[in-house]
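Colleague: In case you want the letters, here they are:
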Amino acid sequence: MADQRDWLSTEVEVERSMPGVNMTSAVWRRLRRHPGAIAGLILLGLLVAAVGLANFSPYNPEASEMSIKFQPPSLQHWMGTDALGRDLLTRVLYGGRISLTVGLIVVAIALLIGVPVGALSGYYGGWLDVLLMRVTDTFLSLPSFMVLILLGAFLREIKIPLIERNNVLTIGLVIGSLSWMTTARLVRATFLTIKSMDYITAARSMGASDWRLISRHILPNAIGPIVVESTLELAYAIIEESGLSFLGFGIRPPTPSWGNLLSDAQNYFVASPWLAIFPGLMIFLTIISVNYIGDGLRDAFDPYKVLEKVGEY
Amino acid sequence: MSSFILRRLIQTLLLLFLLSIVLFALVNLAPGGPMVGLGQNRRVRPEQLEMMRRQFGLDQPLPVQYIVWLAGNDWMQVDSDGDGLPDQPGQRLGVLRGDFGTSINTRQPVLSEISQRLPNTIYLMGITIILAILIAIPIGILSATRQYSRIDIALTTFSFAGQAIPEFWLGLVLIIIFYAWLKNPFTGDPLFPAGGMYSLAGSSSLTDRLWHLILPVITGALGWISWYSRFIRASLLDVIHADYLRTARAKGLSERIVLFKHALRNALVPLITMLALDLPTIFSGAIFVELLFAWPGMGRLYYQAASARDYPVLMAVLMIGATFIILSNLLADIVYAYLDPRVRYE
Numbered sequence: 387m388a389d390q391r392d393w394l395s396t397e398v399e400v401e402r403s404m405p406g407v408n409m410t411s412a413v414w415r416r417l418r419r420h421p422g423a424i425a426g427l428i429l430l431g432l433l434v435a436a437v438g439l440a441n442f443s444p445y446n447p448e449a450s451e452m453s454i455k456f457q458p459p460s461l462q463h464w465m466g467t468d469a470l471g472r473d474l475l476t477r478v479l480y481g482g483r484i485s486l487t488v489g490l491i492v493v494a495i496a497l498l499i500g501v502p503v504g505a506l507s508g509y510y511g512g513w514l515d516v517l518l519m520r521v522t523d524t525f526l527s528l529p530s531f532m533v534l535i536l537l538g539a540f541l542r543e544i545k546i547p548l549i550e551r552n553n554v555l556t557i558g559l560v561i562g563s564l565s566w567m568t569t570a571r572l573v574r575a576t577f578l579t580i581k582s583m584d585y586i587t588a589a590r591s592m593g594a595s596d597w598r599l600i601s602r603h604i605l606p607n608a609i610g611p612i613v614v615e616s617t618l619e620l621a622y623a624i625i626e627e628s629g630l631s632f633l634g635f636g637i638r639p640p641t642p643s644w645g646n647l648l649s650d651a652q653n654y655f656v657a658s659p660w661l662a663i664f665p666g667l668m669i670f671l672t673i674i675s676v677n678y679i680g681d682g683l684r685d686a687f688d689p690y691k692v693l694e695k696v697g698e699y
Numbered sequence: 196m197s198s199f200i201l202r203r204l205i206q207t208l209l210l211l212f213l214l215s216i217v218l219f220a221l222v223n224l225a226p227g228g229p230m231v232g233l234g235q236n237r238r239v240r241p242e243q244l245e246m247m248r249r250q251f252g253l254d255q256p257l258p259v260q261y262i263v264w265l266a267g268n269d270w271m272q273v274d275s276d277g278d279g280l281p282d283q284p285g286q287r288l289g290v291l292r293g294d295f296g297t298s299i300n301t302r303q304p305v306l307s308e309i310s311q312r313l314p315n316t317i318y319l320m321g322i323t324i325i326l327a328i329l330i331a332i333p334i335g336i337l338s339a340t341r342q343y344s345r346i347d348i349a350l351t352t353f354s355f356a357g358q359a360i361p362e363f364w365l366g367l368v369l370i371i372i373f374y375a376w377l378k379n380p381f382t383g384d385p386l387f388p389a390g391g392m393y394s395l396a397g398s399s400s401l402t403d404r405l406w407h408l409i410l411p412v413i414t415g416a417l418g419w420i421s422w423y424s425r426f427i428r429a430s431l432l433d434v435i436h437a438d439y440l441r442t443a444r445a446k447g448l449s450e451r452i453v454l455f456k457h458a459l460r461n462a463l464v465p466l467i468t469m470l471a472l473d474l475p476t477i478f479s480g481a482i483f484v485e486l487l488f489a490w491p492g493m494g495r496l497y498y499q500a501a502s503a504r505d506y507p508v509l510m511a512v513l514m515i516g517a518t519f520i521i522l523s524n525l526l527a528d529i530v531y532a533y534l535d536p537r538v539r540y541e
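As given, the protein sequences belong to chains A and B, one line each in that order.
Residues in the first sequence are numbered consecutively from 387, following this note's numbering.
Residues in the second sequence are numbered consecutively from 196, following this note's numbering.
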């Protein structure tokens with residue numbers, strides 16, 4: 387085992403010392419060897435492209451045409467039509483925009499709160515650490531999906547311009563405000579490990595400011611875990627948004643989202659099962675591709691594990 | 196160890212106090228208030244509404260309402276007939292004395308609402324989780340012992356898929372297949388019921404109950420099976436290359452004994468910790484399963500309370516849920532220290 391470890395670390399050393407190889411390209415090189423991650427990237431790319439092309443659909447996602455309601459999938463309507471004669475494919479694509487946007491907003495908020503909280507907590511320690519970690523613990527003790535339902539139920543009545551009627555921003559903010567804790571803990575753990583290392587002392591003795599130490603010397607060490615956690619967060623946020631919309635506490639019709647499309651489908655699933663099949667299939671494909679990408683990234687950021695997968699360890 | 200537990204319990208009480216303030220503020224600062232539904236009802240006159248607000252104590256300032264919620268109001272005069280004048284001591288005992296108030300919707304004590312629903316949820320979730328673990332353990336072992344074989348790749352793909360299927364969609368698809376499409380060839384009835392815990396007309400026999408359990412349990416269990424089988428695979432792989440297993444093999448123990456007596460026992464420690472952390476779901480239930488299959492449990496109670504703004508019920512379920520989460524965290528720490536002698540809390 388020991389000699390294998392040595393061989394592994396030299397391999398990684400060689401990779402590090404190769405001219406022109408920075409972390410991004412090293413990670414990318416390893417990611418390319420992960421079949422699941424590649425499949426996930428291709429699938430997610432296709433989904434994002436399809437969602438992006440929603441505008442080119444010949445049908446209007448919100449205008450009803452009662453003469454063609456409940457049509458099964460056909461060449462004109464690939465996913466059939468709904469109770470109001472709207473083209474389901476068009477609605478699913480527009481709904482995908484909503485779901486993916488909510489997911490990205492959630493990840494952005496989780497990073498905006500989680501990274502500073504974790505960094506300050508880990509770097510400064512002391513009372514600040516105690517305070518911030520107590521707040522984190524409190525958030526972690528909340529039954530989060532129940533609180534989401536509560537917030538969704540109340541906010542849909544609210545009349546404040548920017549966050550009216552449970553729009554994308556509101557739902558993203560609400561889910562995001564309950565999703566930053568793991569990121570904060572990961573960042574804090576990295577800071578605790580790194581901050582007492584010699585190179586940090588060296589940098590400090592050369593007059594580096596706290597800000598420079600935090601942002602340039604310590605934080606980059608946390609990028610791997612942060613990226614992996616963010617992909618998990620993205621998948622989770624998409625499921626939470628669709629669950630919330632499915633219950634009627636999220637994105638509200640007529641704006642389509644994968645969750646409220648499924649919610650609609652509940653009333654017609656015996657005669658028109660396609661209404662229930664396709665939106666859920668889209669959620670499934672998105673989540674599975676994001677999860678595979680996350681799995682690949684975890685291996686790519688952890689070279690020991692990659693070599694283990696190749697079968698040498 | 197006992198001083199560690201004591202310290203954690205004190206921290207838990209502080210955390211619960213903090214949480215109760217946050218949740219109370221969250222529930223009560225929402226626009227509209229609990230009477231918003233009744234206010235839209237034309238048959239309820241504004242004076243009546245005002246009277247009910249006084250009877251429920253909703254005209255009091257928020258801190259007073261919180262203290263009443265926490266400690267009751269039998270020590271102060273309240274306005275029981277809603278005429279604007281306090282006339283007699285209150286009836287509420289407060290959460291500290293085990294009184295979570297009265298549901299605005301059903302006028303029942305919140306605790307009796309919960310005690311009607313909780314056994315149904317424990318019944319459903321208990322069976323779901325036990326079944327999931329019983330299936331996940333062999334899958335995890337098979338995957339880990341044949342790492343990167345075809346069967347491992349197939350099982351890993353299965354668990355990735357299982358984690359990506361949203362519960363509410365799985366339930367819907369199962370209902371479409373087994374209720375709407377497939378029929379019992381003898382009677383022409385749907386193969387499985389679309390909801391409920393037992394048939395209303397038929398006797399609530401064991402087979403009838405099982406028949407009603409199958410679809411909800413499958414819906415709920417798939418995610419658990421996927422998650423736990425991956426977890427078991429990972430924790431078994433963590434120990435499978437350890438030196439002490441090489442020693443066990445070197446001294447001539449059979450592969451079976453090495454796996455089940457030496458590797459698995461260590462790999463199950465994180466599993467038990469993880470199970471302790473997942474215990475709160477047995478209380479809070481699976482909201483989607485309960486809604487799809489019309490299961491009268493806690494998840495559905497909470498959903499109905501949120502839709503109807505039944506504040507006392509919302510507060511009670513949230514607080515009990517948070518208590519379960521905090522206590523199960525503590526339980527996980529204790530179990531972990533108990534099972535793994537290397538772990539010591541000072």
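Please note that the accuracy of each hint is not assured.
Unchecked claim - Looking from chain B toward chain A, a few residues come up when the C-beta cut is under 8 angstroms (computed):
hint : residue
1    : L210
2    : A225
3    : A349
4    : F353
5    : A359
6    : I371
7    : L513
Note that these hints are calculated values from the structure, not bench results.
None of the values given here were measured: they were computed from a predicted structure.
Glycine residues also receive a C-beta, built at the ideal position from the N, C-alpha and C atoms.
Colleague: For each hint, tell me whether it holds in the structure or not.
Modeller: Hint check:
1. L210: holds, 6 angstroms
2. A225: holds, 4 angstroms
3. A349: violated, 13 angstroms
4. F353: violated, 11 angstroms
5. A359: holds, 4 angstroms
6. I371: With a minimum Cβ separation of about 5 angstroms from chain A (threshold 8 angstroms), the hint on I371(B) holds.
7. L513: Given a least distance of 6 angstroms, the restraint on L513(B) holds.
Violated hints, in rising order: 3, 4; the structure is consistent with all others.
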